[in-house]
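Peer 1: In my numbering, the protein residues as written are 1 to 245.
Keep in mind the hints are simulated off the structure, nothing from the lab. Note that the coordinates shown come from a computational prediction; the quantities given were computed from them, not determined experimentally. Even glycine gets a Cβ: it sits at the ideal position worked out from N, Cα and C. Keep in mind that a hint or two might mislead.
Claimed, not checked - Derived DEER-like restraints, expressed as beta-carbon distance ranges: (1) Ala158 to Pro220: 37 to 45 Å; (2) Asp204 to Arg157: 38 to 46 Å; (3) Ser156 to His12: 20 to 28 Å; (4) Glu86 to Met35: 37 to 45 Å; (5) His42 to Arg177: 32 to 40 Å; (6) Met35 to Arg172: 38 to 46 Å; (7) Thr62 to Asp204: 45 to 53 Å; (8) Thr140 to Ser201: 35 to 43 Å; (9) Arg60 to Arg142: 14 to 22 Å; (10) Thr8 to Asp101: 22 to 30 Å; (11) Ser221 to Gly37: 43 to 51 Å; (12) Pro131 to Tyr89: 16 to 24 Å; (13) Thr8 to Ser175: 36 to 44 Å; (14) Ser56 to Arg172: 39 to 47 Å.
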Amino acid sequence: MTARVNLTLFAHVCARPEAELDLAQAALLIAETDMPGLDIAHYLALLDELGRRAASAVARATGDEDRVERVVGFVYGDAGFRGNDEDYYDPRNSFLNDVLDRRTGIPISLAVVLTEVCRRAGVDARGVSFPGHFLVRSDTARGAILIDPFAGRALSRAELRALHARATGEDRDPSARLLEPATKAQILLRMLNNLKGIYESRGDGERLRLVLERIHVLSPSDSLRRHVEHLGGTEPWRSRGGGLN
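Between the sequences and the hints, there should be enough to build the whole structure, so can you do that?
Peer 2: This is the structure we're talking about:
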């Protein structure tokens, strides 16, 4: 698939209403820019298979919280997913196909895996664009469960507070606003911004241009358009720093 066709398809997929937007497909289209000819159907089928296996575990659950725990236990236990502590800034950590193949990634890409498996298993789970560290939220009859997708476990109130303090410098419980579910477009933007930071730091102008074009699809702005035109695939931006999340 050519870069222009990929961009057109990405724009088409992302133009769908929230309920119809296929997050996994859109995330795979981001990866396809780096791997032309990527077999997107294969990876969607792989997620379907993971969902079927998770559903078998959920069938034995005794309540909402147990359902969530069983899916998390399957994804990070039987399926073997884990946070990549060894090479956090490897761009492959942001490519959903690589995360599925290698069973490792960063918080947001692992969150996409977890929420997509949960959805296929009939368990409520949505991404949360928490400052500095993407989370997953599942609402149960007893309240919301916040999951760290990098560690593969639910967070206690104290751990969530510590995570908030580390990201913001404010030693207090995070506001309810920070724990609201993110839209699929917001998730895709955060994935793209992670890649933007990597390519800026590496001086990879061509890959940076492709990422910026997709950011522009999701969040159009005149300033971004000028940056894309200025890059022309040859002149990289300087990195402004910041981590992946």
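Peer 1: Each hint should be assessed against the structure and marked as holding or not.
Peer 2: These are the hints, each one checked on the structure:
1. Roughly 41 Å separates the CB atoms of Ala158 and Pro220, a value that falls within the hinted 37 to 45 Å.
2. Checking the proposed 38 to 46 Å range against Asp204 and Arg157 shows it holds: the Cβ atoms sit about 41 Å from each other.
3. The hinted window of 20 to 28 Å between Ser156 and His12 is violated, with their beta carbons roughly 42 Å apart.
4. At roughly 21 Å, the beta-carbon separation of Glu86 and Met35 lies outside the given 37 to 45 Å, and the hint is violated.
5. Distance hint check for His42 and Arg177: the Cβ-Cβ separation is about 38 Å, which falls inside the suggested range of 32 to 40 Å.
6. As the Cβ distance of Met35 to Arg172 is approximately 43 Å, the hint placing it in 38 to 46 Å holds.
7. Between Thr62 and Asp204 the Cβ separation comes to about 50 Å, which falls inside the hinted range of 45 to 53 Å.
8. Separation of Thr140 from Ser201 is about 40 Å and conforms to the stated range, judged on CB atoms against 35 to 43 Å.
9. Roughly 19 Å separates the CB atoms of Arg60 and Arg142, a value that falls within the hinted 14 to 22 Å.
10. Between Thr8 and Asp101 the CB atoms are about 26 Å apart, so this pair conforms to the stated range of 22 to 30 Å.
11. Range check, Ser221 to Gly37: Cβ separation about 31 Å, and the 43 to 51 Å hint is violated.
12. Checked against the hint of 16 to 24 Å, the pair Pro131 and Tyr89 passes, with Cβ atoms roughly 19 Å apart.
13. The hint said 36 to 44 Å for the Cβ distance between Thr8 and Ser175, and at roughly 39 Å that hint holds.
14. Distance hint check for Ser56 and Arg172: the Cβ-Cβ separation is about 41 Å, which falls inside the suggested range of 39 to 47 Å.
The structure fails to meet hints 3, 4, 11 from the earlier list, while all remaining hints are met.
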